[in-house]
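Chains as they are written, first to last, in the working numbering: chain A, 1 to 386; chain B, 1 to 359.
Because the hints were derived from the structure by calculation, they are not lab data.
Predicted model only: the values in this text are computed from it and were never measured.
We put the beta carbon where it would ideally sit given N, CA and C, even for glycine.
The reader is advised that the hints may include incorrect statements.
[Said to hold, decoys possible] Covered, in the sense of this in silico footprint (three residues per stretch, anywhere, with C-beta under 8 Å from a C-beta of chain A), are these stretches of chain B:
1) 28 to 34
2) 184 to 198
3) 209 to 221
4) 309 to 321
5) 326 to 332
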Amino acid sequence: MRALWASSKGRGIIYQVLLSTGLVFLILLLVANAFYNMEQRGLKAGFGFLDRSAGFGIVQSLISYDETSSYGRAFVVGLLNTVLIASIGIVLATFLGFMIGIMRLSPNWLVSKLANIYIETFRNIPLLLQILFWYVAVLKPLPAPLDLFKKGESFLLSFNNRGLVFATPVPQASFSLVLWSLFFAVVVSIGWVLYTRWRQKTKGSQLPVGLPCFSLILGLPLAIFFLLGSPLDFTSPVMGRFTYDGGTTVVIEFFALLWALVIYTAAFIAEIVRAGIQGIPYGQSEAAYSLGLKRGQTLKLVTIPQALRIIIPPLTSQYLNLTKNSSLAAAIAYPDLVSVFAGTALNQTGRAIEIMFLTLSVYLSLSLLTSLVMNVYQSHTRLIDR
Amino acid sequence: MKNWLKDLRYWLQENLFFSYKNSILSVVAGLFLFWLAYQLVNWFFLQAVWVGTIEDCRIHQEGACWPFVQVRISQFLYGFYPSEERWRVNIILFIFFAGIGLLVYERTPYRGKIVFFMLCVFPLLSWLVLRGGILWLTDVPTGRWGGFMLTLVLASVSIVSSLPLGILLALGRRANSLPFVKAFCVVFIEFWRGVPVITVLFATAFMLPLFLPASVNFDQLLRAMVGFILFSSAYMAEIVRGGLEGLQRGQYEASDALGMSYWQSRTRVILPQALKLMIPGILLTIIGLFKDTTLVLIIGLLDFLGMIQAGIADPRWGSPNVPFTGYAFAAIVYFCFCYSMSIYARYIEHKFSEGRERR
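All chains, full assembly: derive it from the sequences and hints.
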């Protein structure tokens, strides 16, 4: 034993044995306690409860769901709501964040200061406070549907304190032609982009890309749509005695959470973008200016493509943060994964272990997947020194 | 006088009106900024109700309702802590801020000893004084703790305990010769960093009672603290790891060459240098933790934001400007704390980078 302790390798072995026995002992203790406590409460471990009827309603779901649906389906509904808010939030936060970050670097003093005020304000106020502010102070006091419409009145679109209410579009059979034309337009646009790139590489001359593609993707489906005589019906919501019936509702909690998440995350993304662009030596911009490129072109063609190598890893971790932060939905009861499953379902069934296990593994696999992709990305984009 | 005007004109030309496009942009941005400042001053000061009751706030809705804050300020600060015992909180708060003030001022003597006192002695002392139940101090159960005091307690507990745990975890993660220790540290860090904070709080709030013997009774606050300690030490570990990796290899090799043992080399050579590099990162993590303390509101603890939220939900104070006032007040307080920390972090970073450039 003494000889073992004398060498650093031996001490390492002793440390590891101590840690592992301690861990095993701790885990055994916890598991034994859990079994005992669950027996006392008359709970049986297992995921069988997922098939049982949940018995609670969810105000917004992307798939069909009602009180008789199972807990498993409630899990999927919550997961989809999380995915919905995270994906829309990521797109909007990226746009806003890049805009603010580039504004922050503007040579115009006022514009740069404005961006700085935005960043410092929203980064230094807790997200939960911002969510509650938008929800309780701003969006909840909007007029109720009852104040906006008379009984029996039908309407196409309304933003009130219940959320965004609009007439549900019901496509007729010929509507698929519009979708096909959209698909066709996208394919042609991609082809056009590839052709112009090839042309620039081989002949050096540039052709317009943005406007033609944009007008094709927007114009062609619209033209087909009107040629076919608007093959889309709408079932309008109709005002009843207290509330409306029919139509599609995006709940107000969605907008409160989305708005707060986008504003908060954009402040962080702006800082990342600023740091990334500043990380590129100024000589790159100077070289571009002396080649005759304008500031916008320099940013788009020279600075940002190089800065992306620095920007993308922290940017993805912000995307992950946004997704994780969307779980603050529990504070305002937007039906996301945490609030539906780890909240309502857990309270009803009392199956803390199984439900927390499922919830945590969703977020955990997401973050592990992201860091895996990032590791691959970083090893691909690492600059190789000469 | 003339010179001064010339300077201003030069500055304006250089920074605001250097091209047609930017002149227009400057005018638009200036107008927007002016409008924003006017609206804020108007709402916060000119149109605000300064003294009176909720009735006055309902009549003058176009400005802030400060009576709402005045009436409830003691609840916002102390929660439901018994009013005749609040001197205890005041003493602890005084020591807390005095200690931080002494540490920030660079010419204070014995800064190392103050750091030790603030990190090791003070937390225990404040727990004993706030909780009471010893000597002549009456017992104040944690259920009555609340308001800004609770926010500070949660933030300090997670910061104080996350530093040593984070350092240990980071050292473990870099211990290549101990594969089992390394694996444990990696799994621990990645697990708590990978899940949302609110699920950690849910997990400790609902699952801790299941995993402990029935005789051990953890109150709600302790459960929240366990959650905070778990994930904050994982966050801190990543910062420490960054600092350890930022140190030159030569430092490790030199201390090995001098025949130092692992712990000698870490505590005398590596950590003193690495910790200095990490201070900005640690401060940023602390800002994040400070903001995250608001999440306890979701598991039913009434911290600073929780007390304000409870005040806003009070139907007796129903008026459209009350929520705005409450949230604005909370936002200003949180902003002051977080922003001053981030300024300090930037200052330290600047100071250290200067030192390194001089070499």
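So, going through the hints one by one against the coordinates:
1. 28 to 34: holds (count 4)
2. 184 to 198: holds (count 9)
3. 209 to 221: Held - the stretch 209 to 221 of chain B has 6 residues with a Cβ nearer than 8 Å to chain A, which meets the minimum of three.
4. 309 to 321: holds (count 3)
5. 326 to 332: With 3 residues in contact (Cβ-Cβ under 8 Å with chain A), the coverage given for the stretch 326 to 332 of chain B holds.
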